[in-house]
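Student: The chain contents come next:
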Amino acid sequence: MPPAIETAGLTKSYGSVRVLDSLDLRVDTGTVFALLGPNGAGKTTTVRILTTLTAPDGGHARVAGHDVVAERRAVRRAISLTGQYAAVDETLTGAENLRLAARLSGLPRRAAARRADELLERFGLTGARDRRTAAYSGGMRRRLDLAAGLVRDPGTTRVVFLDEPTTGLDPRSRQELWDVVRELSGHGTTVFLTTQYLEEADRLAHRIAVLGGGRTLAEGTAEELKNRYAGHRLDLVARDRDAYLRLTPHATAHTPATLTLGVPTDGSAAHVRTLLDALDPHRTDIERFTLHSATLDDVFLALTGPDGTEKEPSHV
Amino acid sequence: MSDTAANGLATATALAGRGILLSRRNLDAVITSLMLPVMLMLVFVYFFGGAIDTGDTRYVTYVVPGVLVLCAGFGAAGTAVSVSEDMRRGTVDRLRTLDVGAVPFLAGHVVAAVARNALATTLVLGVAALIGFRPAATAAGWLAAIGLLLAYITAVSWLAAAAGLVARTPEAAGAVTFFMMFLPYPSSAFVPIDTMPDWLHGFSEHQPVTPLIESMRGLLLDQPVGGAAWTALAWCAGLLALAVAASGALFRLRTR
Ligand SMILES: Nc1ncnc2c1ncn2[C@@H]1O[C@H](COP(=O)(O)OP(=O)(O)O)[C@@H](O)[C@H]1O
Ligand SMILES: [Mg+2]
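Line by line, the protein sequences are chains X and S.
Using my numbering, read the first sequence as starting at 0 and increasing by one per residue.
Using my numbering, read the second sequence as starting at 4 and increasing by one per residue.
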């Protein structure tokens with residue numbers, strides 16, 4: 000099967016800012032793909048190019064088998080976009096918003112009303128059907144926004160784009176949105192989502208690409224990324240300078256001033272125990288340790304530079 | 004009709020429905036924008052009217068066309084703000100992924116604006132009738148006057164919508180439409196032009212609002228209007244064409 004999304008050498012600049020610098024991506028049909036990156040990394044720009052809203056300066060992108068520039072119409076028929084900024088009207092009810100979206104996608108009045116009700120049901124919003132969306136929780140509004148993107152024909156929308164779908168949501172709403180993504184994926188829809196949260200990518204995505212400096216810094220399954228880049232990091236405090244020097248070759252992060260060294264680990268008790276035994280068989284060199292759980296920062300630091308000594312331990 | 008044109012029409016209709024529904028939900032703002040021209044009319048008639056010599060015509064009858072044109076300007080700010088809101092939020096992105104172009108998008112806003120204006124026009128005419136507005140128009144005269152006003156409202160609303168595309172913030176969008184509110188003043192809308200300073204005559208006589216006002220007034224009083232009606236219509240058509248062309252280009256520029 001051809002990939003749902005494929006880009007080659009995608010570039011885009013705004014003025015003198017080079018936002019995308021030769022971006023290569025490949026997303027297999029029917030999978031959930033997460034584009035992970037901090038604020039300003041170019042996630043929205045990527046989504047806008049893939050959804051035909053912005054033309055790239057260079058390179059190529061195909062979505063659902065069609066070129067995003069030359070075959071814009073065909074791409075638009077195959078996709079749905081839920082952007083970073085809400086596209087639902089707050090003074091309208093959930094049903095009104097969906098009926099409008101369905102009418103805009105070309106359905107006649109009756110069919111639009113039916114489609115609206117189906118989608119409300121599917122996204123767990125039937126109870127809030129006739130309430131104005133201003134009174135919705137953040138998660139409900141996001142779900143409605145997502146549903147509004149699917150009005151055309153939920154069966155033929157092949158690629159769904161979600162730009163930071165859970166940013167600003169409380170944990171419960173986030174969980175509900177994750178369920179929706181899983182449900183979409185269960186129906187065979189390809190989902191391309193962007194996020195700043197490693198955990199989110201970890202929970203939802205089959206594959207993850209880390210975006211930095213306008214290109215993919217790393218790509219793989221969550222496991223692969225974590226194993227390769229700072230899944231967890233054990234920070235060891237050496238007893239003295241000699242111990243520090245003995246341990247140095249094993250570490251990926253070094254802070255001589257505090258005699259602290261960082262060593263990658265998967266965070267499991269078994270691995271930490273083995274690691275400590277291997278590094279310090281006589282149990283004299285290591286005085287204390289702290290364990291960092293993986294954060295996007297860790298992956299980023301691992302990917303972009305060797306430094307990584309200034310962070311707070313997340314648990315001990 | 005071609006497929007795209009039919010789609011465009013269906014889309015514009017749905018968006019116009021949305022605009023009207025949003026106005027109904029936001030009735031406070033609509034009522035405020037309705038009260039303003041009515042208050043202004045009362046101010047003109049009762050505070051200034053006595054000092055203005057409008058010949059045989061009562062001042063209220065003289066001033067009604069001007070107030071109606073003023074309404075269109077007040078409505079424009081609201082239109083610009085709603086377009087600008089849609090640009091700022093995700094609405095336009097969503098519409099574009101549904102293949103909705105600039106014209107149906109703005110047409111939806113303009114139709115909603117015309118509907119709001121129709122309400123304002125009715126209200127102004129009602130209050131005017133209560134305070135002594137006595138037109139002598141024939142049925143055909145009424146139709147022609149309303150038709151001219153409609154053409155002007157459409158042109159101004161589309162210009163306002165274009166302004167909404169340019170403005171980075173809804174506040175700025177409101178400000179851009181200021182000149183539309185101002186345009187009726189240096190015209191024969193409220194005072195005869197020959198009472199204005201000489202240097203203003205050239206502008207006042209040749210700006211679009213003057214022939215519009217003159218012909219509406221003539222039609223409502225059942226007096227001959229000469230070529231003024233055609234001049235007014237040409238202005239409206241020209242401004243509308245300009246607004247449609249400009250908004251198409253601005254839309255492409257803002258959505259790159
Ligand atoms: N329309 C635009 N005009 C100018 N600069 C832009 C525009 N869109 C994005 N940028 C810039 O491009 C960079 C990437 O933005 P964006 O794609 O929104 O990142 P992200 O979604 O990952 O936070 C930022 O530096 C942003 O300021
Ligand atoms: Mg973004």
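One or more hints might be untrue.
Stated by the list, open to error - Computed Cβ-Cβ distance ranges for the label pairs, DEER-style:
(1) S:Leu153 <-> X:Gly185: 50 to 56 Å
(2) X:Asp116 <-> S:Leu39: 38 to 44 Å
(3) X:Thr220 <-> S:Arg257: 37 to 43 Å
(4) S:Gly205 <-> X:Gly57: 51 to 57 Å
(5) S:Ala237 <-> X:Ala133: 51 to 57 Å
(6) X:Arg17 <-> S:Leu24: 55 to 61 Å
(7) S:Arg257 <-> X:Arg17: 51 to 57 Å
(8) S:Arg171 <-> X:Glu5: 54 to 60 Å
(9) S:Gly241 <-> X:His59: 39 to 45 Å
(10) X:Asp169 <-> S:Leu39: 53 to 59 Å
Said to hold, decoys possible - Computed footprint of chain X on chain S; a stretch qualifies when at least three of its residues, placed anywhere within it, have a C-beta under 8 Å from a C-beta of chain X:
(11) 64–72
(12) 96–109
(13) 144–157
Said to hold, decoys possible - Rough simulated footprint, nothing fancy, chain S against chain X, three-plus residues with beta-carbon under 8 Å:
(14) 31–38
(15) 216–224
(16) 237–251
In case anyone wonders, no lab produced these hints; they're calculated from the structure.
Remember, it's a predicted structure, so these values are computed and weren't measured experimentally.
Glycine residues also receive a C-beta, built at the ideal position from the N, C-alpha and C atoms.
Student: Out of the numbered hints, which ones does the structure contradict?
Tutor: Hints 5, 6, 7, 8, 10, 11, 13, 14, 15, 16 not satisfied by this model.
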